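Engineer: Take a look at the letters that make up each chain.
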Amino acid sequence: MSAAGLVGGRLRRPAPSATRWRRAGLGALGVLLVAVVWEAYKAIGPDNGVVIGGLTVLPRTTDLAMPHVWDMFARLGQPVNGTSNAAPVWQAVLEAAGFSLGVAGVGWLVGVAVGMGLALLMQRFRTAESAVLPWVVLSQTVPLIAIAPLVRRWGSQIQFGDFEWQNWMSVAVIASYLAFFPVAIGALRGLGAPDAIHTDLFRSYAVGWWVTLWRLRLPAAVPYLLPALRLAAANAVIGAVVAEVSIGLRGGIGRMIIEYAQSGSGDPAKTWAPILGAVLLGLVAAGFVALLGLLLGRFRRGEVPA
Amino acid sequence: MTINEAGTDTVPIDEIAAGSADFAISWVPKVLGSIEQGTNVTDVAQIFERSATTQISMKDKSITKAADLKGHTVGSWGFGNEWELFAGMQKAGVNLDDITLVQQQFDMNAFLAGDIDAAQAMTYNEYAQVLETMNPKTNKLYTPDDLNVINWNDEGTAMLQDAIWADADRLADDEDYQDTTVKFIKASIKGWMYARDNPQEAADIVTAAGSTLGTSHQLWMTNEVNKLIWPSTSGGIGMIDTKAWDQTVKIAKGTKNETGATIITDDPPKTAYSNEYVEKALSELKDDGEDVTGDGFTPIDVTLKEGGN
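One line per chain: the protein sequences are S and H, in this order. Take -6 as the starting number for the first sequence in the numbering used here and just add one per residue. Take 75 as the starting number for the second sequence in the numbering used here and just add one per residue.
Just so you know, the hints here were simulated from the structure itself, not pulled from any lab data. Hints are not guaranteed to be accurate.
[What the hints assert, rightly or not] Here are a few chain H residues that sit away from chain S, every Cβ distance over 10 Å (derived from the structure):
no.: 1; residue: Phe122
no.: 2; residue: Met132
no.: 3; residue: Trp151
no.: 4; residue: Ile173
no.: 5; residue: Val204
no.: 6; residue: Thr281
no.: 7; residue: Thr289
no.: 8; residue: Gln292
no.: 9; residue: Gly328
no.: 10; residue: Lys330
no.: 11; residue: Lys354
no.: 12; residue: Lys379
no.: 13; residue: Gly382
[Claimed, not checked] Example chain S residues on the side facing chain H (calculated, C-beta under 10 Å, incomplete):
no.: 14; residue: Gly38
no.: 15; residue: Leu57
no.: 16; residue: Val73
no.: 17; residue: Ile240
no.: 18; residue: Ala262
no.: 19; residue: Thr264
The model shown is predicted, which means the values in this text are computed figures rather than measured ones. Even for Gly, the Cβ is constructed at its ideal location relative to N, Cα and C.
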């Protein structure tokens, strides 16, 4: 066993503050670079874009197609429309992004729970693996546009007692539908990751399945699980944003992208505001999983990409 | 009452069929296709009497009628929005091979950039979007003088658009549902009369209810939609005009799209529309002294601002 393996998580001490500042600085520089490239191309690129053999390979550079970066940010500070009590665009975008994040979060939690459940079932019973795994894989080949109206319609018929199905729940279900897949696959691989020598040791001590799971399989699964959770978070966000548009849920960032696109010709900078919001949403979701990774740092030995 | 907003993948009429909605709003040609496939619904009030679909182009292209589309790049949203265009072209002897058909986006950028010569535009929305945009040549907003408009009402290939649809099976034997239908139509019509008499207030109400469109754009929408309804020539708002219905059916049967398919192959059943409920609603409204034809209606003048704000 190598030295790095022995000290394990302790190698991942928090970086000294100088290094941390440098990394944050580099991150900010990366964002700035995108803006600089955008403006540079806008300045030197031809108005009609770069066309090779009748095929546009680089976009037009007019203000309509590529508004100035500062116009986009200026638009964020202006009210949504001309009514006297209209909120500024940045506030509307943040609210919409928060709403979508909530729905995606519920979808992620449900997806992770279902994915873990399926993985445990498949790990415990070999027959379950043969029976369920093909369905898990098959489930991801059904296009979203096919399941979205179905989920909404089935949901609207669910009602017991005071509980009534809400439209946002349909969106969360669709988000979880996309999120559970990487978790199921990643967790299944992870749970089977311990070396035979370790499982044999547990067996020789007559340790039961539950304890083996808790003490050996779950810790061993963490390096497989974290990338899967990250993928699940990305899938849940995409699922939520797309499903909003698909089934017509008001309030989230996906719907806002469509709504603002209607002003795309007269007010081009406005169109980009919800797109910035969607980027922010993705970053927050990724950041949340990274935080989770910090908490589980003790188990993150030799992480493998999913 | 709950308003279920549709999404890009939900079809309002299917919600009636699935039992998750009591009424639905949809265009007649789209529903005719659903009816032929077995959905049993009835048009109980034809709120929009006129069609709002047009094909607009810059003046210098000289496209003033359907026949002029020949040889041009023509935009359409598809998904059932193309039939009036195809019918108009067919009537003028322009084949689909004679034009380049382009899938159009939500915005008018492709049209403004010149990628589309003749773009589809609803009078109440996309047409206004163009008029809210700066013309880089003049540094002023585009004006109606910069544009040619092909109006399908004038070309004789207009189809009936937004109507209230009800479940035909329930209409047949459910008396409560019949009453609700009359009440619902009556309430809708009251709303449209209010919008006719108070366009500014109606636009403000929609904005307050969460529309993010610009305020001048919203007012433009109200005014243009009023023009589709008022004055009513069919005997009162919501009445289904047999001639217009027959024209819609005829076009739906006779117009082929790019795959050679038509919307329907046979006449729709008798239950496809009924004036029974809207007549009741109208007579109740007349008894209350309401003006249901709007004979004296004159649209207002709306000045669009940049970006519709």
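Engineer: Is Met132 of chain H truly not at the interface, in the sense that its beta carbon sits beyond 10 Å from all beta carbons of chain S?
Structural biologist: holds (14 Å)
Engineer: With d taken as the least Cβ-Cβ distance between Thr289 of chain H and chain S, does d exceed 10 Å?
Structural biologist: violated (4 Å)
Engineer: Beyond 10 Å from every Cβ of chain S: is that where the Cβ of Gln292 of chain H lies?
Structural biologist: violated (8 Å)
Engineer: Please settle this one: Thr281 of chain H was flagged as non-interface, so is its CB more than 10 Å from every CB on chain S?
Structural biologist: violated (5 Å)
Engineer: Decide, holds or violated, for the assertion that all CB atoms of chain S are farther than 10 Å from the CB of Ile173 of chain H.
Structural biologist: holds (17 Å)
Engineer: When you look at the beta carbon of Lys354 of chain H, is every beta carbon of chain S farther off than 10 Å?
Structural biologist: holds (29 Å)
Engineer: Does Lys330 of chain H really sit off the interface, with its C-beta more than 10 Å from all C-beta atoms of chain S?
Structural biologist: Non-interface label stands for Lys330 of chain H: nearest chain S Cβ at 26 Å, farther than 10 Å.
Engineer: Holds or violated: is the Cβ of Phe122 of chain H farther than 10 Å from all Cβ atoms of chain S?
Structural biologist: The claim holds: Phe122 of chain H sits with its nearest Cβ about 20 Å from chain S, beyond 10 Å.
Engineer: Would you check whether Ala262 of chain S satisfies its interface hint, that is, whether its CB is within less than 10 Å of any CB in chain H?
Structural biologist: holds (9 Å)
Engineer: Quick one, is the Thr264 of chain S hint okay against chain H at 10 Å, beta carbons?
Structural biologist: holds (8 Å)
Engineer: The hint names Ile240 of chain S as touching chain H; please verify it with the least Cβ-Cβ distance against 10 Å.
Structural biologist: Interface hint status for Ile240 of chain S: holds (4 Å vs cutoff 10 Å).
Engineer: Hint validation: Gly38 of chain S versus chain H, beta carbon distance must be below 10 Å. Holds or violated?
Structural biologist: violated (14 Å)
Checked against the numbered hints given earlier, the structure breaks hints 5, 6, 7, 8, 12, 13 and 14 and satisfies all the rest.
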